[in-house]
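Construct all of the structure, not just a fragment, from the sequences and the given hints.
Chains as they are written, first to last, in the working numbering: chain A, 1 to 205; chain B, 1001 to 1469.
Be careful, since some hints might not be right.
Said to hold, decoys possible - Quick look at which bits of chain A chain B covers, simulated, 3 or more residues with Cβ under 8 Å:
hint: 1; stretch: 79-87
hint: 2; stretch: 96-103
hint: 3; stretch: 129-142
Keep in mind that the hints were calculated from the coordinates and are not lab data. We put the beta carbon where it would ideally sit given N, CA and C, even for glycine.
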Amino acid sequence: MKLNALLNVKSLVGVSVLGLGSAFALTAWSQDAGETPSITPRSMADALHMVMDSDRAVYTRRIVNRLAAKDKVITASEHFEDEKALVLPAQMFRFGAEMVAERAEANPDVNFSYSLQSIWPINKQNAPQTEAEKAGLQFVADNKGQNYYANEELGGVNYFTAVYADTAVAPVCASCHNDHKDSPRTDFKIGDVMGGVVIRIPIEQ
Amino acid sequence: MIIAFAKEQGIATVWLLWILVSCVLCASLAVAFYSKDNRVVFMPGPLSAGHHQLGDSCESCHSDAFGGGPVLQTLCIDCHGDDRKKPFDSHPIAKFKDPRNAARLEKINVTLCLSCHTEHRPEITAKNGLTQPLDVCFHCHEDIAEERPSHDGMAFVDCTTSGCHNYHDNRALYTDFLVKHMDQPHYLPELTVIEREFVSVIDQIVEYPVDRYPLNELTVDDSDEPTTATLDEASMSDWLASSHAKAGVNCSACHQTVNAEGELSAWNDKPGLDGCSSCHSVEVKDFGKGKHGMRLAEGLDPLNPINAQLPMHTDNAHEALTCNSCHGAHLYDVQTAAVDSCLGCHADEHSLAYKSSSHFGLWQAELDGVGEPLSGVSCATCHMPRVNKDVSDWLSRVVVEHNQSRYFSPNSKMIRPVCQSCHGLPFSISALSDPTLVTNNFQGTPNPHVESVDLARKDAQRHAEKKSP
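Structure (C-alpha cells):
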C-alpha cells in the first residue's frame, strides 16, 4: 500500500515535471517562432500583397461595383469630397499606403512601403521612376501571372522590391480608365493588366 | 595699446578687468534671454510675417536647443499639421514618404517644411514665407508640357505667381473644378452662406455641459454668481441680453471651470480662454492657431495691436487681444465682433475702404432689416467664415473659423468657403488676383477674362473631341 502510494506520488511528480517541462519548452518554442526572422523578404512581400490585393478587390467588387455600377445609388469619383462620392479603389489603396508610411515611421520595426503604378498612368506621377519599377511593370504586363523581384538601392538604402500585376477585377476598373481624359490607354478590358503594385522592404546587404 | 596698458598696470590687472568685462557681458545676455524683452540679440535674422509675434519665445519653435531639423519639423506640424493633409494640401508629406521619391528628395526634401520655409532669412523670403526660388516646381514637373501641351513655353516662375497653382491648397484651382464652374455668372442666383447651427447641435458637442446648463432662458433671478463677485449693472444687463442667457448659460459656466469629478472651481472674476473652452473648444483652438491668438496659445502675453506688422489704429494699440477683445464680455454680440471689433484695430487700406464698399452696403441693409438674412458681407464673412468643419474623425459641424489665416494668403484659399457663396468662380478668381480691387475692398468690376479657366475649357473640349466618334 505504502509502496503503491509512493509510486503513485512519484508518477504524479514525474508527470508534473514532464508537463511543466513541456509547457516551458512549448513557451520557449513559441517565443522563438515569434522572434526568429524565418520569413524571407519575398514571402513577406507576397503575404502583404495578398492582403492588399484582397482588400481592394473586396472594396472594388462589393462596394464600388455593386453600389455605383449595379445598384446606381452612388457614384465613385476621384474628387470624392466635392462630388460626395465613393473613393476610387486606387485612391483607397494609396490612402492606405500613405497611412502605412506615417505609421511605419513611428514604428521602425515595421518597415515597408507600397505603391500603385502603371506604364499607362492617368497621373503621370504614378509612372515608374526607378529601373526596378520600369523593368518590373513591363515584366508583369508581358508575363501574366508572374511576379517580378529585384534588389535596388534608393537614397543609400538597400531594398528588396517586388512588383505584382494589377489587373482589372471589375468592369468599372476598365471603363473608368478608358473614359478618363488623362488616360494614355483606352482599350482596357476586364482581366487586363493595368499596372502593378510595387512593394519595398529594406534589407541589409 | 593693450600691451602698453598691461605693462603699466600689471598683467594681473588686465586679467581681472577681462574677467570683469566677460562677467558683465554674460550677465547682460542672461538678463536679455530670461527677461524675454531683448531676445532679438540672439536672433540670426528677423522672423517672417507669419511668426514675428513669437520673437520673444524662441522655445515655441526651438523646444530643444540641440534638436535641429526634426524638432523644428515636429513643431511646424503641431501648429500647421491640420492643413497639411488632403484635401487641403495637394502635396501632403505622406505622398513623398515612399522610397521611390528618394531621387526627388535629394533635389529638394519636401517632407521637411524648412526646405521651403526657412526662418530668419528675410533676404530670401518671398510671399507666404517661401524661401525657395519661384521656379521650384521644375524639380518634379520638368516635363509638364508633355502631359499638358497647353503649358508649353510657360515659365516655371509663373506656376504660383500667375494665380493658377499653389503648392499646398489647390481646392479651387484644379482643372476639373475650373471646368465644373467655368460658366458660372458673376453673381450666383442663390446664396449659399452657411447658417449658424450651434444651438441645434449641442447634443453632438461632447464637451458642452448641457446637463448643468440646459437650454432654458435665464432671468436676473437665475444668475448664479457668488455674493463676493464684483458685478455691475451694465454687465448684468449685457448678460441678460446675450445669447448666453437666452440659452441657459449661467455666470458659472464662464467664471468657473469643472474638474474631472464634476466639481466647480473657485470663482474667477476675469476668466481666460479656459472659460470659453468649456463650450467653444474648437473655436478657441483655432483662435490659437491664427495671428490673433498664437501668443496666448504659446502661453505668452496676449498680442497687442502695436506689435502687429499691419497698419493699426493707435487708440487701441495696447489692447490685449483675447476672446473678449472682439466679442465683448457679457454681451457677446456677434454682429459687433464681425465688423466693429475688426475696424477698431485694423487701419490698412483694405479695412479703411470697407465702409465704402458694396459688401458693407449689404451688411448694413441686413442689419436694418431691409436685406435678406445672410445677405450681408461683414469682415468676418470673408476672413472668419462659417464653415462645415471636421471637428473630429467622425463628426463635422458648422463653426466660425477663428484662425483667420486659414483662408488667407494665398487669397485663392478664400474662393470656395467665401467668394463662391455669392459669386461665380471666374469672377472670384479674377477679383482676388486684382491688387487694386483687393486694396479698395472690391469697389469695381474685375476683368472677366481668366486664363486658367480658358485653359481648362480647352482641356475639356480636347477630351470631348477625343470621346466623340
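Here is what the structure says about each hint:
{"no.": "1", "hint": "79-87", "result": "holds (count 3)"}
{"no.": "2", "hint": "96-103", "result": "holds (count 5)"}
{"no.": "3", "hint": "129-142", "result": "holds (count 3)"}
In this structure, none of the earlier numbered hints is contradicted; all agree with it.
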